[in-house]
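Engineer: Chains as they are written, first to last, in this note's numbering: chain A, 18 to 621; chain B, 18 to 621.
Among the hints, erroneous ones may be present.
Because identical chains cannot be distinguished in the list, a pair is counted as satisfied if it fits within a single copy or across any two copies.
List time: in silico DSSO-like cross-link candidates among lysine-lysine, alpha-carbon distance up to 27 Å [to be verified]:
no., residue 1, residue 2
1, LYS241, LYS351
2, LYS489, LYS206
3, LYS241, LYS344
4, LYS618, LYS208
Quick caveat, the hints were computed from the structure, so don't treat them as lab data. As the structure is a computational prediction, the values presented were derived from the model and not from experiment.
There are 2 protein chains.
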Amino acid sequence: MPSKYLDNDSLKFLLYDVHQLQDVLDRDYFSDYDQEAVGMFLDSVKDFSDKELFPYFQEMDADPARFEDGKILTHPQVGVMMKKGGEMGLISGIFDYEDGGLQLPTMVHTAATYIQDAANNHLPGYTGLTLGAAELIIHFGNDHLKQAYTPPMLRGEWGGTMCLTEPQAGSSLSDITTSASPTEKGYYKIKGQKIFISAGDHEHVDNVVHLVLARIEGAPSGTKGISLFVVPKKRINEDGSLIPNDVVTAGDFQKMGQKGYCTTHLMFGEKEDCQGWLVGQAHNGLRYMFMMMNGARIGVGRGAAAIVMAAYQASLEYAQERAQGRKLTSSGKKDVQQEQTLIINHPDVRRMLLLQKAVAEGSLSLVLLASKYHDLSRTAESPEEKERYHQMLELLTPVVKTYPSEMGATAVSNGLQVLGGYGFCSEYILQQYHRDIRIFSIYEGTTGIQSLDLLGRKMTMNGGAAVQLLSKEIMSTIANASQYDDLKPYALKLKEKLQLTQEVMGFLLEFAKRGDFQRFTADANLFMEFFSNIVLAWLWLDMANQAKQALLTGDKKFSEDFYESKIHTMRFFYKYELVKTTSLAEALVDPDVLTIPTEKKVFA
Amino acid sequence: MPSKYLDNDSLKFLLYDVHQLQDVLDRDYFSDYDQEAVGMFLDSVKDFSDKELFPYFQEMDADPARFEDGKILTHPQVGVMMKKGGEMGLISGIFDYEDGGLQLPTMVHTAATYIQDAANNHLPGYTGLTLGAAELIIHFGNDHLKQAYTPPMLRGEWGGTMCLTEPQAGSSLSDITTSASPTEKGYYKIKGQKIFISAGDHEHVDNVVHLVLARIEGAPSGTKGISLFVVPKKRINEDGSLIPNDVVTAGDFQKMGQKGYCTTHLMFGEKEDCQGWLVGQAHNGLRYMFMMMNGARIGVGRGAAAIVMAAYQASLEYAQERAQGRKLTSSGKKDVQQEQTLIINHPDVRRMLLLQKAVAEGSLSLVLLASKYHDLSRTAESPEEKERYHQMLELLTPVVKTYPSEMGATAVSNGLQVLGGYGFCSEYILQQYHRDIRIFSIYEGTTGIQSLDLLGRKMTMNGGAAVQLLSKEIMSTIANASQYDDLKPYALKLKEKLQLTQEVMGFLLEFAKRGDFQRFTADANLFMEFFSNIVLAWLWLDMANQAKQALLTGDKKFSEDFYESKIHTMRFFYKYELVKTTSLAEALVDPDVLTIPTEKKVFA
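Please model the entire structure based on the sequences and the hints provided.
Structural biologist: Below you can see the structure in the form of structure tokens.
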């Protein structure tokens, strides 16, 4: 195992300096926290991750969660994650004091979960889904549900899940058929099957509280007829004891990666004895679920970003220790009398490492920024301010979900390549990161779905208001960078790319205006790649600004090399990554239409 | 399991029509074969692959080759592969009659092995390495070695390997330390360790013949002091029986993929009783080995191309059966009253399928072309002709090794994505292809090494003669396509890209001229991506030409849809793939130097 999974200095730099956690801490709601308290909390999470998460990462892969004799067996460390996670506030952190929470900023919670994800991405999902399920109950459930369910969930004694997917309804939630029949006793009788339920069942909690999308009899078709229910594995008997609620685990899904994170197939109401309680209003379930879903999407981006970071640390460590080959001499030959050089000195290895660094830190920056927008929106001092941050968060959410997952997979693959043949061997950890990260572009809406959301909805909502707000932020970073001679060329380049974005949108919107939505969004995936690349270039310029300022003012928490390396990586991002937007734009405005079905048999 | 792993029509189209196998069959050396005989041979290979390879593909992954009690255990089908492979001429096919071969064209052997690779990529390596090892003995060994070793190898009774890598010498072969001490009895005493030896040991053959790189005592340092030895697992006793030769399997490497293909760690001469026989002249071993290595590199490209094909077939089958979601209406909404549509009707799914088709068939075309050049070179009627095809083959070899491996991995990942959550599940085959293909960009020289070979050696050898020869071929395809109004724009685009290649090379060569080889090759990886993309665009235009001609002349072996789909996929390649060369060229001529080590600590 490598010795490190995290560059803690870069996390601190991004959290405190680049994204100025202080802006958030200044809000009244967070007045009990200062940077010192946050620092102590994050240190304790790091310590927990060092001791309880990272050491079990490889063995959880070798000994996967599995279904045996009607039970899901998971690694004992799942129990530690739930119990200690509950104790440490890793589940309750972001909730209001009155709901049993700690009123921690989301930024801090994100940083804390990122550390855990980087240490062992198979575990934080158990607490994360519990948090998400509790959040829905707290926000939309009645007092009875809140009081009965959330306290043991926040303590990590009970788990939680989100149950959306059914065999015939994955990306297409309008086709959900799980049914809910009202009874006179206030509960509904639930019947149906749900698949791909992460953390759906295990022995390390006393109960699992499922947040289930179902259709009340007679409900409208499509997504407008979907309601949300609390459906516990064990319901609370009149005497307060827990009794089975006819939620049966039918099996599990064995997977290529994230093997320690169980994925289950659940049957509700096979014996007609499954009780569920409506959350909020009938037929509003999908809207409620999207609160959890938006959080989950940020969480997916965070998890992927963390895997990239961990993989980068492992491949960097290898490259700094492994000697192989020699520098080319001026004749293009090698001098075999020389000692072998460390592979980190080969330009192509450095390229692969810098790519990982650029994606890892850029993705982390993106995830923290989204969390900051969330904090500033929820504690906004005016409705306008609330709306401003909310809009930018909405716009960024599909990007946060997608960029770390997609470019992250590429970065991790480069990390594996650094190790050569060893990278493919089970003994080395890179291949596990490579397998684990592959699910992230599928979780909680595939890249295709996210891309439709970005181009088809978020870019155009409120007349493009969100893009305009974000552009203002980007222009401010450009203005800032333009003060420094060595950053100015990059500022200009980014400005050109903003202009290019307008040109591309101008071209595409013509189709939307004509009502040809299929053509408008046919290349949404390319647009996602184009737009997120530019967002990342912005975030890297922002990091370079911050580094430059520290170098010039001498107000340095970190070494000079540290700051120089940020500027160097920004330049790397512009030369090797941002450059791709030229071709992407060229393809996006190409009039050839090749992926919309016609009479022609394309796959003959 | 999906029902198909191969598009046999596209293989035939490429073999007979696009790459005109007949040109090769017309050579005297192959006069015993006509297209009918080749067709029957390939049909028998397909039948063998259907029955003996494909059905075992998933279980070989679930039950990996492994080291137990000092032995390597492999799946019983390894024995079938060796034995039947020997009987069917899958090992001996390409050799001269006088060496026990069948004098089959390499093109046909490549097509046959491609079918096997597509059916089960864990198996053909066993026969393939046996072939490669036999080839070295036949070409460079003395009569004694040829007579003693090759007959049982060609029959599949004995296996063969290539032993290059040592723990301290992977990409850097000059650092090999395995030693060979001459004895008075004609053999050498071999001592050393070799790792990552594919097919290095198993119970399904009577002997394994290792072709081992070692250093004779007192040899010059570096690659010039490396010799090649035949070192059998069991040597032939005076009475003709086989006795142990002190070659001990120390362990194996458990891997992320290709789990049925054993990867071993061998110890030679631990008891000072390992005998090896020099092949050819002393100190020429690396040169000899490169004959096998060049073949192996083509073989790696072929294997990767085959995996892409198989993955494409599996994801296409899924997309044609799975209903999910609906077409967008003119308001950008979906009409939930409609039946769900098959996912193949979603533009983004079609994009992912077309990408796979473009990479799968393009890669196959590339591999067959390289085999054709090999056939035309080895049977050339003049030294000039021999040299011409040899040069183009040399130039293409790193591309053939790399493009199917690198873009193939991307294509397979898109195939997995088509299946959504199921793509990540062990029950579906896509995740296995995803894991299996990941080794191909590492095998037999990583992408980094291939890229240095392409840019640093092949592009400039003989004053750039190879590129000029290839450019002529490309210009001929462009001229051909320019006759057709609908292909002409693509011909013009390709011509622009040839011009762009010259500009990029002009920029880069300045560094070589100044003796700055490190700068010259620092972005070799990008150049590989740039150049191979253009080569593939050429091959797709060539396919489109052939399809167009068939449509116009009415001389159609396949359906009209089949030919139209080739032209459609060519257009797809130009819009979505060739377009990337714009950005790649922009990065290649970017003056910023970011990956060459300096005093600055970049990874601070």
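Engineer: Work down the list of hints and note, for each, if the structure agrees.
Structural biologist: Now the hints, each set against the structure:
{"no.": "1", "hint": "LYS241 with LYS351", "result": "between (68 Å within a copy, 12 Å between copies)"}
{"no.": "2", "hint": "LYS489 with LYS206", "result": "neither (51 Å within a copy, 74 Å between copies)"}
{"no.": "3", "hint": "LYS241 with LYS344", "result": "between (64 Å within a copy, 18 Å between copies)"}
{"no.": "4", "hint": "LYS618 with LYS208", "result": "neither (41 Å within a copy, 61 Å between copies)"}
In summary, the structure is inconsistent with hints 2 and 4 from the numbered list given earlier, while agreeing with the others.
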